[in-house]
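Got chain Y sorted already, so can you dock chain U onto it with the hints?
Take a look at the letters that make up each chain.
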Amino acid sequence: MSDTYYNPKDLKKFEDVGEFGPELAEKFFDYYGAVFEEGALSAREKALIALAVSHTVQCPYCIDAYTSESLEKGASEEQMMEAVHVASAIRGGSSLVHGVQMMNKTKDLSM
Amino acid sequence: MKSLKTLNHNLSDPAYQLHVLNNHSESLRQQPKFEEKLKDINLFPLRPTGIEIFQVNLGYMCNMTCKHCHVDAGPDRTEVMSKETLQHCLEALRHSDISTVDLTGGAPEMNPHFRWFLEEVSELGKDVIVRSNLTILTTAPKYQALPEFFAEHQVEVTCSLPFYNKSRTDRQRGEGTYDRSIKALKKLNDIGYGKEETELELNLVYNPAGAFLPGGQEGLENEFKRQLARKHDITFNNLFTITNLPISRYLNFLLESGNLDEYMDKLITSFNPAAAKGVMCRNTISVGWDGTLYDCDFNQMLEMPVEEDAPRHISEWNESELNSREIRINQHCFGCTAGAGSSCGGATT
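Chains as they are written, first to last, in the working numbering: chain Y, 2 to 112; chain U, 798 to 1146.
None of these hints come from the bench; they were simulated from the model. Keep in mind that this is a model prediction, so the values were computed, not measured. Cβ atoms here follow ideal geometry from the backbone N, Cα and C, with glycine treated the same way. Hints may be right or wrong, so weigh each one.
The calculated lysine-lysine pairs, modelled on DSS-like cross-linking and capped at a C-alpha distance of 27 Å, are [as the list claims (entries may be wrong)]:
no., chain 1, residue 1, chain 2, residue 2
1, Y, Lys14, U, Lys830
2, U, Lys1063, Y, Lys28
3, U, Lys939, U, Lys880
4, U, Lys963, U, Lys880
5, Y, Lys47, U, Lys1028
Interface residues of chain Y toward chain U, partial, derived using beta-carbon atoms under 7 Å [what the hints assert, rightly or not]:
no., residue
6, Ala44
7, Lys47
8, Ser69
Taking CB as the label site, the calculated pair distances span [stated by the list, open to error]:
no., chain 1, residue 1, chain 2, residue 2, range
9, U, Thr875, Y, Pro9, 22 to 28 Å
10, Y, Val101, U, His821, 57 to 63 Å
11, U, Gln884, Y, Glu79, 25 to 31 Å
12, Y, Val36, U, Ala1026, 41 to 47 Å
13, Y, Leu12, U, Ser822, 35 to 41 Å
Chain Y with its partners taken away, still in its complex shape (with noise of 0.2 Å):
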């Protein structure tokens, strides 16, 4: 048994997760594999923003996973770093946007 809740080698088990429930893993799969094709977004944009919602979602198996779909498809080292930094911005301005919530209810109760 692992001694860390994260082992590398369990993102090649991913595929396995139907073995549990065959029938909604199927249903996942399949839209998974909807999204990630060539659309109104190319594959290599797809990548970037899946690299940096791994980053939002602080998933280390997704990070490991759309690093290397990002280089395959194209990305450079630059692309990936300003995605990450699109995700960071989003994250840190979504905890500050709170501020104006912050703000109201100070106001509220101040005289």
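Using the frame of chain Y, we list chain U on its own:
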């Protein structure tokens, strides 16, 4: 940077490379063999579909020492094809319907008989491809004059450019490579290569700069075209994506970076039966610098000549016997069958 051969590195021994690919770890020992995968799809033994491409390795001498080079080429390599062997090549081509002659190396331009040989091949009416590293075209005056010579003979120029930016290109191929490559590409463009209005074909070759596979060829080609046009006003015809095969200096990189097991696993799990049917060894013959015949350039570097029953030297050329040979394979062959497939002409599916 010196070649593995000059360093007397243990990976300069092809037998040791094959041993590593098959036995380096428990994971590699347990992987299915390429032969088994071919048997699963009724493709074993692998046989030619007919030789269409005559690839000549003019020598391992090169002005560069790229980190991923499967040839282990470099300025310190002295192996160069002799005029006598080149004449054997011409004799074979003279009596063959083979349509395409593909000149590679090392830097093929550094062979002292390069211009003469190219003119002779051209006179035979064959299509000629030169695989250029680009930077050689920016060195001595005799090399700087080559683009015009290529144009005069309607040669297809296929150039290495691992990435559309400087940092990744220089990391793989050496400091200053990107700027010199751009300079050479501009020169080729200036004389009409890669332009829609001419028939002078300019293709780029993309090799991943690391332990990952090339993505979709079309998507990468679009991105390369967009970036090179935007940054440098450079145009080209096609981008060929080529998977790095775990041989020589790239194998050394995989071992030193701890990526070998995972990379082989990726190649093997990405095995594509359609790509296997279209592997380049089925329509190509590779002539080594000393005239030895190989199924492909990769088998050449692993010193795996064509099977014993077939003619093994260009001086013994017999096309019909070569067309009925059994192609030799090993674990490195997974590199040509992963994903969309890989060949000197890019993806195969």
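Consistency of the hints with the structure:
Only pairs whose Cα atoms come within 27 Å are accepted, and Lys14 (chain Y) paired with Lys830 (chain U) is accepted, the gap being roughly 22 Å. This hinted pair checks out: Lys1063 (chain U) and Lys28 (chain Y) have alpha carbons roughly 25 Å apart, not beyond 27 Å. Pair hint Lys939 (chain U) plus Lys880 (chain U) holds up; C-alpha atoms about 19 Å apart against a cutoff of 27 Å. Under the criterion of a C-alpha separation no larger than 27 Å, the hint pairing Lys963 (chain U) with Lys880 (chain U) is inconsistent with the structure, at around 38 Å.
Between Lys47 (chain Y) and Lys1028 (chain U) the alpha-carbon distance is near 23 Å, which keeps this suggested pair within the 27 Å criterion. With 7 Å as the threshold, the beta carbon of Ala44 (chain Y) comes within range of chain U, its nearest partner Cβ sitting at about 6 Å, so the hint holds. Residue-level restraint check for Lys47 (chain Y) is violated (minimum Cβ-Cβ distance to chain U is 11 Å; threshold 7 Å). Using the Cβ-Cβ criterion of 7 Å, the hint placing Ser69 (chain Y) at the interface with chain U is satisfied: the shortest such distance is roughly 5 Å.
Take Thr875 (chain U) and Pro9 (chain Y): their Cβ atoms lie about 44 Å apart, and the range 22 to 28 Å is violated. Checking the proposed 57 to 63 Å range against Val101 (chain Y) and His821 (chain U) shows it holds: the Cβ atoms sit about 58 Å from each other. Range check, Gln884 (chain U) to Glu79 (chain Y): about 50 Å between beta-carbon atoms, so the 25 to 31 Å window is missed. Remark: the range hint 41 to 47 Å for Val36 (chain Y) to Ala1026 (chain U) is contradicted by a beta-carbon distance near 30 Å.
In this structure, Leu12 (chain Y) and Ser822 (chain U) break the distance hint of 35 to 41 Å, their C-beta atoms being roughly 19 Å apart.
Hint compliance for this structure: hints 4, 7, 9, 11, 12, 13 are not met, and every other hint is.
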